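Just so you know, the sequences run in chain order Y and B. The numbering of the first sequence is numbering that gives the first Met the number 0, which starts it at 0 and goes up by one. The numbering of the second sequence is numbering that gives the first Met the number 0, which starts it at 0 and goes up by one.
I should point out that these hints are in silico values taken from the structure, not numbers from a laboratory. Source: prediction; values computed, not measured. Among these hints, one or two may not hold up.
[Said to hold, decoys possible] When the alpha-carbon atoms are kept at most 20 Å apart in a straight line, the in silico SDA-like pairs for lysine to any residue are as follows:
#1 Y:K207 with B:K563
#2 Y:K210 with B:G98
#3 B:K49 with Y:D23
#4 Y:K209 with B:E549
#5 Y:K209 with B:S29
#6 B:K502 with B:N484
#7 Y:K43 with Y:S67
#8 B:K318 with Y:G249
#9 B:K507 with B:N603
#10 B:K1 with Y:S67
#11 Y:K210 with B:P26
#12 Y:K211 with Y:S67
#13 Y:K207 with B:G98
#14 B:K1 with Y:P48
#15 B:K563 with Y:D41
[What the hints assert, rightly or not] Just a sample of chain Y residues kept apart from chain B, beta carbon distances all over 12 Å, derived:
#16 A11
#17 V27
#18 Q76
#19 R83
#20 L107
#21 E119
#22 P150
#23 A153
#24 V194
#25 A200
#26 K209
#27 A214
#28 P244
No residue lacks a Cβ here, since even glycine has one placed at the ideal position from N, Cα and C.
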Amino acid sequence: MLEDLLKKGGLAVNIAVLLKQTPDTESVIRIAGDGKSIVTDDLKWIINPYDEFAVEVALRLKEKHGGSVVIVSWGPQRVVESIRTALAMGADSGVLIDDEALEGSDSLGVAKALAAAVQELNPDIVLCGSRAVDYDEGQRGAMVAELLGWPHLALGVAVDSDGSKVQIDRPIEGGKVAAEADLPAVATLGGSHAVWNPRYASLPGIMKAKKKPLANKKLADLGVDPSECGAGAAKIRVTALEMPPERAAGRIINGDLDTAGKARELVRALHEEAKVI
Amino acid sequence: MKLLADERDIKFVLYEQLHVEELCKYPAYSDFSQELFDMVIDQAEKLAEKELYPANKLGDQQGCRFEDGVVRAPEAFHKAYRHYCEGGWLAIADPPEVGGQGLPFVVANAALEFFSAANWALIMYPGLTHGAARLLQKYGTPRLQNIYMYKMFSGEWGGTMCLTEPGAGSDVGNLTTRAVRNADGTYAIQGQKIFISSGMHDLTENIVHMVLARIEGAPRGTRGISIFLVPRLRVDENGNLVENDVVCSGIEHKMGIHGSATCSLNFGENGNCVGYLMGQENKGMRIMFDMMNEARLFVGMQGLGHASAAYLHALQYAKERLQGAPVERMKDAAAPRVPIIDHPDVRRMLMFMKSSTEAMRAMLHLAAYCIDRERVAESEEERELFQGHVDLLIPICKSVGSDLGFRVCETAIQVYGGYGFISEYPVEQFLRDCKIASLYEGTNGIQALDLIGRKLTMKRGQLIKNALKTTREMLIKFRKNFRLNELAQIYEEAEENLVQVTKFFALKSMTDEFHVPVLYAKPYLDLFGDVVMGFVLLWQAHIADRRLQEIYRDHNAKDEKAQKRLIQENRSAAFYFGKIASAQFFINQVLTQAAGKARGIMNNDKSPLEVPVDGFVLG
Numbered sequence: 000m001l002e003d004l005l006k007k008g009g010l011a012v013n014i015a016v017l018l019k020q021t022p023d024t025e026s027v028i029r030i031a032g033d034g035k036s037i038v039t040d041d042l043k044w045i046i047n048p049y050d051e052f053a054v055e056v057a058l059r060l061k062e063k064h065g066g067s068v069v070i071v072s073w074g075p076q077r078v079v080e081s082i083r084t085a086l087a088m089g090a091d092s093g094v095l096i097d098d099e100a101l102e103g104s105d106s107l108g109v110a111k112a113l114a115a116a117v118q119e120l121n122p123d124i125v126l127c128g129s130r131a132v133d134y135d136e137g138q139r140g141a142m143v144a145e146l147l148g149w150p151h152l153a154l155g156v157a158v159d160s161d162g163s164k165v166q167i168d169r170p171i172e173g174g175k176v177a178a179e180a181d182l183p184a185v186a187t188l189g190g191s192h193a194v195w196n197p198r199y200a201s202l203p204g205i206m207k208a209k210k211k212p213l214a215n216k217k218l219a220d221l222g223v224d225p226s227e228c229g230a231g232a233a234k235i236r237v238t239a240l241e242m243p244p245e246r247a248a249g250r251i252i253n254g255d256l257d258t259a260g261k262a263r264e265l266v267r268a269l270h271e272e273a274k275v276i
Numbered sequence: 000m001k002l003l004a005d006e007r008d009i010k011f012v013l014y015e016q017l018h019v020e021e022l023c024k025y026p027a028y029s030d031f032s033q034e035l036f037d038m039v040i041d042q043a044e045k046l047a048e049k050e051l052y053p054a055n056k057l058g059d060q061q062g063c064r065f066e067d068g069v070v071r072a073p074e075a076f077h078k079a080y081r082h083y084c085e086g087g088w089l090a091i092a093d094p095p096e097v098g099g100q101g102l103p104f105v106v107a108n109a110a111l112e113f114f115s116a117a118n119w120a121l122i123m124y125p126g127l128t129h130g131a132a133r134l135l136q137k138y139g140t141p142r143l144q145n146i147y148m149y150k151m152f153s154g155e156w157g158g159t160m161c162l163t164e165p166g167a168g169s170d171v172g173n174l175t176t177r178a179v180r181n182a183d184g185t186y187a188i189q190g191q192k193i194f195i196s197s198g199m200h201d202l203t204e205n206i207v208h209m210v211l212a213r214i215e216g217a218p219r220g221t222r223g224i225s226i227f228l229v230p231r232l233r234v235d236e237n238g239n240l241v242e243n244d245v246v247c248s249g250i251e252h253k254m255g256i257h258g259s260a261t262c263s264l265n266f267g268e269n270g271n272c273v274g275y276l277m278g279q280e281n282k283g284m285r286i287m288f289d290m291m292n293e294a295r296l297f298v299g300m301q302g303l304g305h306a307s308a309a310y311l312h313a314l315q316y317a318k319e320r321l322q323g324a325p326v327e328r329m330k331d332a333a334a335p336r337v338p339i340i341d342h343p344d345v346r347r348m349l350m351f352m353k354s355s356t357e358a359m360r361a362m363l364h365l366a367a368y369c370i371d372r373e374r375v376a377e378s379e380e381e382r383e384l385f386q387g388h389v390d391l392l393i394p395i396c397k398s399v400g401s402d403l404g405f406r407v408c409e410t411a412i413q414v415y416g417g418y419g420f421i422s423e424y425p426v427e428q429f430l431r432d433c434k435i436a437s438l439y440e441g442t443n444g445i446q447a448l449d450l451i452g453r454k455l456t457m458k459r460g461q462l463i464k465n466a467l468k469t470t471r472e473m474l475i476k477f478r479k480n481f482r483l484n485e486l487a488q489i490y491e492e493a494e495e496n497l498v499q500v501t502k503f504f505a506l507k508s509m510t511d512e513f514h515v516p517v518l519y520a521k522p523y524l525d526l527f528g529d530v531v532m533g534f535v536l537l538w539q540a541h542i543a544d545r546r547l548q549e550i551y552r553d554h555n556a557k558d559e560k561a562q563k564r565l566i567q568e569n570r571s572a573a574f575y576f577g578k579i580a581s582a583q584f585f586i587n588q589v590l591t592q593a594a595g596k597a598r599g600i601m602n603n604d605k606s607p608l609e610v611p612v613d614g615f616v617l618g
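Let's have the full structure, built from the sequences with the hints guiding it.
This is the structure in structure tokens:
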């Protein structure tokens with residue numbers, strides 16, 4: 000352990016990544032008959048891309064400083080594949096909170112379960128995406144931090160830690176903020192795929208992942224009262240889902256006109272028809 | 000929507016049709032599970048989408064460059080190739096002892112479908128390397144394996160197969176490359192090879208060639224051919240890499256797969272090219288045949304990959320492109336424009352593409368699955384049965400995969416209309432890239448000869464007898480579903496047509512009209528392909544119908560109206576309905592032609608042979 004510290008030039012950090020499984024961004028989404036949920040049969044599921052950034056950050060911190068990475072997620076058994084994918088990328092272990100009582104939870108209900116799991120794992124840093132690509136509530140990280148009484152560094156596009164503190168950069172209008180907090184702390188990730196370039200799970204990684212520990216937990220195992228989660232406890236209700244309006248067909252300016260003529264026609268159409276200039 | 004391969008359909012083939020998860024009960028695959036197969040396939044798709052496909056068009060546009068004896072692969076290929084090798088994808092189904100993952104062959108094949116759809120020109124490099132590495136694994140000495148093989152399976156070094164020469168293409172027995180025994184047991188190689196895929200490039204530091212050559216004094220023809228390992232850089236006794244007198248004299252400018260370097264190679268121009276014998280002297284052709292099944296399946300997968308990507312691109316285009324009024328309001332100028340998928344002619348083309356692609360997918364993965372069953376067989380009898388299925392299927396997979404794959408690409412262009420013809424859209428590249436698949440790895444004419452000359456006669460016709468026994472047993476099951484009875488009837492008639500032509504060939508081959516089977520070998524192979532594809536689709540319809548009825552029951556959809564609504568709302572129901580539709584379309588539109596095709600062959604029309612050359616045209 001001491002050798003590790005000397006070699007890595009810092010303190011090892013133990014990291015928990017809160018990972019949500021979401022429908023594949025390439026999936027064709029359909030609204031269910033109730034108008035408030037989506038059709039999920041035969042849907043393809045992936046790691047929420049922002050949480051995948053968090054996995055990448057966690058693995059980079061581990062490579063730099065040593066330590067461990069545990070993946071914490073919730074949902075039915077199909078979520079196992081997403082956790083295993085994160086393990087295949089290089090994370091060490093996983094926890095899945097699979098409890099029917101969680102069904103219909105709002106963000107706070109989920110955060111309670113996650114915070115309880117984190118407390119048990121006792122990591123130095125909690126990382127997750129700043130948002131999820133499904134319902135885009137953007138509350139998970141902040142709520143878990145609040146429930147734990149830990150600081151929350153939001154929307155990081157660069158993250159580092161020396162083992163006693165965690166630092167992030169956050170882009171702001173016209174510049175950036177550098178902020179830090181003492182550990183333990185929660186940091187949520189912003190940025191994009193191009194910023195983080197999360198690694199691919201390699202085949203040897205996939206083979207190793209199947210042997211890494213993955214624990215299934217019920218709310219009771221975590222000391223959470225099921226009545227605090229689930230649809231009954233939800234304070235936020237989704238009232239409707241709506242598809243974006245269908246795009247109207249584009250219009251091509253008459254090809255017989257010369258360039259100047261096309262430009263004139265374009266200006267006229269933008270002015271008189273679209274009324275944007 | 001992802002546009003490379005239909006993951007849902009792949010998983011249907013793997014788990015609902017072939018039940019590949021049951022392979023895990025065999026010791027060789029007991030470490031694995033369906034969950035793990037899914038992860039492998041998902042990651043393959045991700046890599047294909049994010050790294051391989053973005054480099055596809057760039058590779059086509061930039062192509063390979065030949066400057067001062069050096070060949071440069073497209074710049075965009077380097078990063079994608081690195082990701083591919085680092086992920087361990089080159090050796091998915093190879094044993095852990097050589098650095099592979101030991102996964103079932105059929106799972107590797109499913110991953111390959113995504114890769115081949117994404118960027119075939121790129122996948123040629125590791126594909127050729129893999130073939131050469133496998134040959135070394137099977138026929139090389141431990142010393143050569145230690146030096147060269149592991150670096151090939153990891154993709155650090157490349158590999159090729161060097162068969163073709165200016166005067167020896169399909170007629171490989173005519174080759175002139177020479178090998179002269181050296182005192183130390185190695186051979187001095189001298190000769191020229193052309194059309195060598197991945198023959199020289201800058202993706203790897205070194206390239207290991209497998210070269211067909213004739214040892215001095217060996218018999219003429221194919222019986223005197225041996226195979227040699229000839230590295231571009233050889234490892235000398237001090238472990239240093241030194242030049243081995245292998246020079247690239249140029250690259251071809253091709254219709255497609257521009258990113259794949261097709262090289263002319265000169266071996267031993269300066270008398271300093273060392274080769275190491277693989278296996279025994281003069282056994283080169285036997286070794287080639289041994290490696291051939293996997294190589295030919297690989298090329299069939301190329302056709303499937305292009306077809307799959309072409310179909311999905313055309314489908315998306317047809318859903319978005321607004322053009323024309325609905326058919327029932329054709330003369331109404333005020334009618335709203337509709338997406339072209341609403342036009343019956345476009346629908347028909349899409350169904351042709353869908354059913355053909357799904358049929359090829361099922362056929363090719365079935366062949367891969369049979370390779371697995373051959374590997375894990377628990378008795379010699381079982382092993383022979385599956386080996387027979389593989390041997391019979393391979394020429395069909397290669398030929399139909401490439402030819403029908405090309406037709407699907409062609410139809411994709413037709414769906415796009417004029418836009419499909421311009422390079423702004425991807426489908427014209429799919430078509431150009433696909434064409435080579437019917438030519439290399441044995442032209443499709445050679446495949447047909449392999450089918451009638453070798454496969455039908457092997458073990459006194461036992462291969463086709465075993466295949467028919469299997470299909471007939473399964474047909475009894477399909478027949479029990481009254482909704483599929485009519486399709487099963489058409490299938491059975493087509494199968495009978497195939498049997499009749501097979502008997503016709505057997506009789507003709509014993510007479511002085513033995514030219515006739517040779518003349519019509521290719522139409523026979525095509526007919527065979529139709530029957531195989533009709534069978535796998537009927538099999539799928541049998542499974543899909545059961546699932547669909549279950550969904551109807553679960554949702555209490557008893558009448559036609561409720562069922563119609565359900566297939567609009569329920570994704571699984573739509574999928575299974577689509578599967579049955581594929582079988583219906585293919586069997587009704589393609590398989591019904593079997594009788595005509597059989598008649599065309601059995602009419603014994605020898606005019607193509609009898610017409611004098613001047614009768615083709617007076618020159």
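Does the claim that P244 (chain Y) lies off the interface hold, with its Cβ farther than 12 Å from every Cβ of chain B?
-> P244 (chain Y) is indeed farther than 12 Å from all Cβ atoms of chain B, at 15 Å.
Does the claim that A153 (chain Y) lies outside the interface with chain B hold up, using a Cβ gap greater than 12 Å?
-> The claim holds: A153 (chain Y) sits with its nearest Cβ about 27 Å from chain B, beyond 12 Å.
Agreement of K1 (chain B) and P48 (chain Y) with the hint, judged by alpha carbon distance not exceeding 20 Å = The given pair, whose Cα atoms are some 16 Å apart, holds under the 20 Å limit.
For the pair supplied as a hint, K207 (chain Y) and K563 (chain B), confirm whether the alpha-carbon distance does not exceed 20 Å.
-> violated (46 Å)
Is the hinted pair K507 (chain B) and N603 (chain B) satisfied, with a Cα-Cα distance of at most 20 Å?
-> Judged against 20 Å, a Cα distance of about 10 Å means the pair holds.
Does the alpha-carbon distance linking K49 (chain B) and D23 (chain Y) stay inside the 20 Å limit?
-> holds (14 Å)
Could you let me know if the closest chain B CB is still more than 12 Å away from the CB of A200 (chain Y)?
-> violated (5 Å)
Straight-line Cα separation of K1 (chain B) and S67 (chain Y) no greater than 20 Å?
-> violated (35 Å)
Is the Cα-Cα distance between K43 (chain Y) and S67 (chain Y) 20 Å or less?
-> Not OK: K43 (chain Y) and S67 (chain Y) at ~29 Å, beyond 20 Å, violated.
Taking the minimum C-beta separation from E119 (chain Y) to chain B, is that value above 12 Å?
-> Holds, because the least Cβ-Cβ distance between E119 (chain Y) and chain B comes to about 26 Å, which exceeds 12 Å.
Just checking, Q76 (chain Y) versus chain B, shortest CB gap more than 12 Å?
-> With a cut-off of 12 Å, Q76 (chain Y) comes too close to chain B, as the shortest Cβ separation is near 10 Å.
Cβ separation check - V27 (chain Y) to all of chain B, threshold 12 Å = violated (6 Å)
Hints 1, 4, 6, 7, 10, 17, 18, 19, 25, 26 from the earlier list are contradicted by this structure; the remaining hints agree with it.
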